[in-house]
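Visitor: Quick note, in the working numbering, the sequence shown goes up one by one and the last residue is 1061.
Just so you know, the hints here were simulated from the structure itself, not pulled from any lab data.
We put the beta carbon where it would ideally sit given N, CA and C, even for glycine.
Check before you lean on any hint, since a few could be wrong.
Unchecked claim - Cut-off 25 Å, straight-line C-alpha distance, at most; resulting in silico cross-link-like pairs (DSS-like, lysine-lysine):
1) LYS1043 <-> LYS1058
2) LYS739 <-> LYS800
3) LYS739 <-> LYS996
4) LYS1058 <-> LYS739
5) LYS996 <-> LYS965
Stated by the list, open to error - Per label pair, the in silico range of CB-to-CB distance:
6) PRO870 <-> ARG910: 42 to 52 Å
7) PRO779 <-> LYS915: 15 to 25 Å
8) LYS739 <-> GLY843: 30 to 40 Å
9) ILE872 <-> GLY932: 22 to 32 Å
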Amino acid sequence: MKIYSNSAVPSIELVNSFESREIVCAFHDIDGTHSLIRDWVPVMTLTTGYTARYGLPPDDLEKAVPLVMSKEQEEFASAHDFSIESAGLSALTQMEWAIRCGIQNGVISHCGVDRQINQQIIDGIWSGRETFPEIHEDPALVSWIQEKSSNLFRIYEKILLLMSRDRNLADARIHPEKWRVPGSLAFLQFLHEHGIRNYFVTGAVVDILPSGGYAGTMFEEVDALGYKFGQGELLDGLEGSSWNQKLPKVDIMRNLAQKLDIPPRNILFVGDGRSEIDAGQSMGGITISRLPANAHRAREIHQKLKTNFILQEYNLEDIRKIFR
738 MKIYSNSAVP
748 SIELVNSFES
758 REIVCAFHDI
768 DGTHSLIRDW
778 VPVMTLTTGY
788 TARYGLPPDD
798 LEKAVPLVMS
808 KEQEEFASAH
818 DFSIESAGLS
828 ALTQMEWAIR
838 CGIQNGVISH
848 CGVDRQINQQ
858 IIDGIWSGRE
868 TFPEIHEDPA
878 LVSWIQEKSS
888 NLFRIYEKIL
898 LLMSRDRNLA
908 DARIHPEKWR
918 VPGSLAFLQF
928 LHEHGIRNYF
938 VTGAVVDILP
948 SGGYAGTMFE
958 EVDALGYKFG
968 QGELLDGLEG
978 SSWNQKLPKV
988 DIMRNLAQKL
998 DIPPRNILFV
1008 GDGRSEIDAG
1018 QSMGGITISR
1028 LPANAHRARE
1038 IHQKLKTNFI
1048 LQEYNLEDIR
1058 KIFR
């Protein structure tokens, strides 16, 4: 099935026109793109804001979680803005940003820090970068930041579960349609029926079981929402990140495309974060941004990234008009 640059579709904004081409596979972000379970921005704001302002919480979850949550009523404006700017980046990258801000603010210390380089990396992460091969820091510092980022990621995840996710998941198991982006299932079914292979790609941790099945908090969410994986199902697979190794989405997606032996130009990238849209454009694919009407800054980011389409929800009648 081919996708076309159709600008005469009421609910779909054509941002960046392109040459029509066959689509054989689609890589979908999950959170905010198909699922509404995770109200992650307040938690990311709190976790990164706390760290940048007060320093690293204890590694022990039982001590760290209540300590960070005790600052829930404080305003962390810069951390909130960063949460919007960094949507879609690896959680380990987001945690690294907070730690480096804490270093810059004088509340976290480590020998071997070059403050100028540290600020350069902070600015780079803010603008969407996740790796800095041209920068050579003290290996001991890099290793320490990786370790502390992993610990902070676990603290963030635990706070997320406590503040909203577990409550929302319980409700989603009873009312799944309430927690899906409108039209999500119909859109996936439409692609599936036309021979397009659907994959969920997430920055959350996904565990692969010995049986080949999936486990982890994100899998629990997509399972509750009725998204099924396997031969003949709507989705062919689920690709995720890890607790300890930074895996930028562009790397996950590029590796998946290579494993499937599919040219990126024939892949549709669907998401609400900068990383999946940037990945899709840099790889030469077609991108659809799923953004709410009030996501003004996110729209600016996606337009700057030259996404192809922006839509608020999956109106199947209109979606059919950009495919033939």
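Visitor: Taking the hints in turn, state whether each one holds.
Guide: Structure-based check of all given hints:
Taken as a hint, the LYS1043 and LYS1058 pair is honoured in the structure, with Cα atoms around 21 Å apart against an allowance of 25 Å. This hinted pair does not check out: LYS739 and LYS800 have alpha carbons roughly 54 Å apart, beyond 25 Å. Annotation: proposed proximity of LYS739 to LYS996 holds, straight-line Cα distance about 23 Å (limit 25 Å). Distance check on the hinted pair: LYS1058 and LYS739 sit about 11 Å apart at the alpha-carbon level, within 25 Å; holds.
Taking the CA atoms of LYS996 and LYS965, the gap is near 21 Å; set against the 25 Å cutoff, the hint holds. In this structure the supplied range 42 to 52 Å holds for PRO870 paired with ARG910, their Cβ-Cβ distance being about 44 Å. For the pair PRO779 and LYS915, the supplied restraint of 15 to 25 Å holds, since their beta-carbon distance comes to about 20 Å. Checking the proposed 30 to 40 Å range against LYS739 and GLY843 shows it is violated: the Cβ atoms sit about 56 Å from each other.
Judged by the Cβ atoms, the range 22 to 32 Å given for ILE872 and GLY932 is violated: they are separated by roughly 44 Å.
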